[in-house]
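> Fit chain B to the supplied structure of chain A, relying on the hints for placement.
Keeping their order, the protein sequence lines are chains A and B. Under this note's numbering, the residue at position 133 of the first sequence is numbered 133, and the numbers go up by one with no gaps. Under this note's numbering, the residue at position 173 of the second sequence is numbered 173, and the numbers go up by one with no gaps.
Hints may contain errors.
Unchecked claim - Pairs of lysine to aspartate or glutamate, EDC-like flavour, derived with a Cα cap of 16 Å:
1) K149/A <-> D85/B
2) K164/A <-> D87/B
3) K214/A <-> D232/A
4) K118/A <-> D191/B
5) K118/A <-> E248/A
6) K149/A <-> D191/B
By construction, these hints were calculated from the structure, which means they are not laboratory data. The model shown is predicted, which means the values in this text are computed figures rather than measured ones.
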Amino acid sequence: MKRATFRLAGVLAASSLALAACGSDDGESDEAGSSEASGDGVTIGIKFDQPGLGLKSGEDYSGMDVDTAIAVAEELGYSEDQITWKESPSAQRETLLETGQVDMIFATYSITDERKEKVQFAGPYFVAGQDLLVSADSDIASLDDLDGKLLCSVTGSTSAQNVKDEIPGVQLQEYGTYSECVSQLANGTIDALTTDDTILAGYAAQDQYSGQLKVVGAPFSEEMYGVGLPKDSEQCVEINEIVAGFWEDGTMETIIEDNLGAADYTANPDLNPPADMGGHCG
Amino acid sequence: MLELIEQFNVLNAFWVTIKLAFFSAILALILGTIMAIFRLSPVGVLQRFGAAYVTIFRNTPLTLIILLCSLGLWGQLGFEPASRDSDTFIVDLNFRLAIIGLAVYHAAFVCEAIRSGVNTIPLGQAEASRSLGLGFLQGLREIILPQAFRGAITPLGNVLIALIKNTTVAVAIGVTEAAYALRNMMEFRPDVFLLNFLVIAIGFVILTLPTGLFISWASQKWVVRR
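Isolated chain A, as found in the complex (with noise of 0.2 Å):
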């Protein structure tokens, strides 16, 4: 009897151990997030999975939205190394921003209605376009060609639903990651892949898949990509400026053929620069 008290006594201490680290490892975090953010540095949330636009190898990254937000933050009076860099998965982007874990975000963060509920957005610093990525040799060339074909995209897409809707005909597989869609697209199981243009540019930019893949290049959606950053923060305006001054001098031009030129991508001279550059602060 003693000894299973004792023994229970044990479990329950050694879990409530490991439940305190659990919790203690939260607050170290949350605490270097805010710390950093009043502090000297700068807290940057971007993508670590997409390449071409936010990828982490090692300890390098990489990508369209890295190298503009080390642009943005150099103008802003931050050098590279007094960046922490922040994974912000789509779905926890707003939070991120509202509980102040980061302070900008670079994360092909589309400016939408309801997402200005609860953060502003400076820029857009660039507007993509939702398109179709096809093998090389592919007869595909627009939205209509898809009919009959086999469309890959991941789960709970909606713009995968949005091509279903409009084209009936049209088979949708739906993988975890685009990474599947990518290497079903290569094997030649799969017609098309379907997604923001730039994403699309960064698998196709890809060493592995260079010469086999590519961008139909006929958008037919607008995203605007915009800095995210919270309600309460006052370096929007300031941000726009520096963007626009960007596509004055050329450097957004630089860092798309630097990341995305592989895949022969550029950005649709239609859309790009973008119009209205501001209006979504506040």
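Okay, now just chain B, sitting in the frame of chain A:
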């Protein structure tokens, strides 16, 4: 809650879950029984083959097996257990590939459950069947397996319950089952965060609780009294 169930076709999703579980359970039972026979057989090669099967598939994550069915079997090897001309080609294909993956994985557990059932049979029974002149397969069919299945009802039932819950992994290749509904609910109705989980959890309890009760009842009813 009802509105949520209607909006995301939760009932359809659970129907797919039930179908997935049903077909893969039957396939897993057949495949697992064959593997158990291999492991019990007097032929060394078959024994080792059965043991290797169990070791490999019991120790491979299910997500990996299911993804391999889609990316490997279909993507690389071009195995298409569905008709390209069909309007529901992708849906059928993913459903069948998921059944293959689930069956192959759970067959390893079925095999071990049946072996544990065989262990409940006194050695004298096998010796008696041999002394009556029955061969290995005859003895297996008439004496060993009928008793082994009755002794293995509880572990087989545990595998079935695990299988029902494991069908959620099929969302990795886009099968529209319960976990798929949950993912859509989380994407489009994050405002009712907890309710989403509750709906899916209740659905699974409705499936697994009666299964568990039936198994306890069945194992009592058909137990071999010695």
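> Does each hint hold? Answer for all of them.
Tested hints:
1. K149/A <-> D85/B: holds (11 Å)
2. K164/A <-> D87/B: holds (13 Å)
3. K214/A <-> D232/A: Not OK: K214/A and D232/A at ~42 Å, beyond 16 Å, violated.
4. K118/A <-> D191/B: holds (14 Å)
5. K118/A <-> E248/A: With Cα atoms ~30 Å apart, K118/A and E248/A exceed 16 Å; violated.
6. K149/A <-> D191/B: violated (35 Å)
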